[in-house]
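Visitor: Residue strings, one per chain:
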Amino acid sequence: MLRDIVIYPDKRLKEVCDEIKNIDEKALKVAQDLLDTMRYYNHTVGIAAPQIGELVRIIAIDASKNKKGQKINHGELIMINPEILDWSSIIKTREGCLSVPDYTGNVNRARKITVKYYDLDGKEHQFDTEGFEAVVIQHEIDHLDGILFIDRIISKRTDLFRRKNYG
Amino acid sequence: MDKYFYALTVIGRDKPGIVAAVSEVLYNKNISIEDSVSTLLGDQFTMTLIISSETNYGVLELKKSFAKARKELELSISLRRIEKEEAKTKEPENLYSVSVYGEDKVGIVYTISKAFADNNINILDLRTRLTSADNPMYVMILEIDLPKDISEDKFKEILNNASKQIGVDYSIRKIETYEL
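First to last, the protein sequences are chains A and B.
The first sequence begins at 1 in the working numbering and counts up by one.
The second sequence begins at 1001 in the working numbering and counts up by one.
Simulated from the structure, these hints should not be mistaken for laboratory data.
As the structure is a computational prediction, the values presented were derived from the model and not from experiment.
Check the hints yourself; a few may be wrong.
[What the hints assert, rightly or not] According to the in silico footprint, chain B covers these stretches of chain A (three or more CB under 8 Å from chain B):
no., region
1, 26-40
2, 44-57
3, 130-140
[To be verified] Some, not all, of what chain B presents toward chain A, calculated at C-beta under 10 Å:
no., residue
4, L1095
5, I1172
6, E1176
7, T1177
8, Y1178
9, L1180
Where is the CB? At the ideal position from N, CA and C, for every residue including glycine.
Please construct the entire structure, taking both the sequences and the accompanying hints into account.
Guide: Next comes the structure, spelled out in structure tokens:
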């Protein structure tokens, strides 16, 4: 079922979501609604449960929908209790968000990640990915912890400042 | 409800309290800050704001309300009325980030910006800095909107010519927004 997108300042976007303990009918319904809603918006390559008002740890992604995700992607996925196990290297991206209309900002993300999750059958998976898909996954997992991309924006001014500690 | 728009700039020797003093005046007059940027240049703090009000304040009247802040913090303040359409930024079409840098000399900003102007390339954001090393280096970071009829190769050619003229290095990166 297509669901309405929760828009900031709705407080549900700032909550830490609950882990899925068992994949019951309710969890399956959330997963299906996430897919339906993500498919409905042509340009949307990822959506997290709190964005449809469900405070549980489920995300849907599909990096293949965007030309930036053509080279490296794992197709359309439902990820339950997703967790980033490892990351390396940093890329700067300019991000926007369905839940924060009409605003974009520069965010630093990991270029490469190793992510673990459970599928709808409760089977554990793990893969490495990089670039666009890695950014999408990080953005969506942030939603499960009540973190918006705005929380990760760094003041532009620092770009031109000299690093003082060469530790 | 009709709104009235103004462009406000403030500059003065840096100290804590400038933003608070300016925004206090606006708050007391029920004026909204629509868009703004403030930063420290050298030791001068500068604020540039688009503000709006439901009350049609006269420019002189508004300016006068800053008298106390201006006097106590030694600020230069300018204010003018703008049209409603000027309060909103047009959606850029083809964003690029450009870095230009080289040995410090007069004319870097002029040469680069003139080349852009001649080709109808609009600058949306520009920051410059002079490093304080023994051989100072000039750094210019721009965000520009490349017109659709200029290819990336053509853009590089424009930059090549301009940067050769003034002896600087440059690089460009397309700014891609991830709509997530």
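Visitor: Does each hint fit the structure? Answer for all of them.
Guide: Hint by hint, here is what the structure shows:
Figure legend: the region 26-40 of chain A, annotated as covered by chain B; annotation inconsistent (0 residues with Cβ-Cβ distances under 8 Å, at least 3 required). Counting residues of the region 44-57 of chain A whose beta-carbon sits less than 8 Å from any beta-carbon of chain B gives 3, enough to reach three: the coverage restraint holds. Remark: the region 130-140 of chain A is confirmed as covered by chain B, as 5 of its residues place a Cβ nearer than 8 Å to a Cβ of that chain, reaching the required three. Because the smallest distance between the Cβ of L1095 of chain B and any Cβ of chain A comes to about 8 Å, under 10 Å, the interface hint for this residue holds.
This hint is violated: I1172 of chain B has a C-beta 15 Å from the nearest C-beta of chain A, more than the 10 Å allowed. Restraint check, E1176 of chain B versus chain A: the minimum CB separation of about 7 Å is within 10 Å; hint holds. Given the 10 Å rule on beta carbons, the hint for T1177 of chain B holds: about 5 Å separates it from the nearest Cβ of chain A. For Y1178 of chain B, the shortest C-beta to C-beta distance to chain A is roughly 5 Å, which falls under 10 Å, so the interface hint holds.
This hint holds: L1180 of chain B has a C-beta 4 Å from the nearest C-beta of chain A, less than the 10 Å allowed.
When each numbered hint is compared with the structure, violations occur for hints 1, 5.
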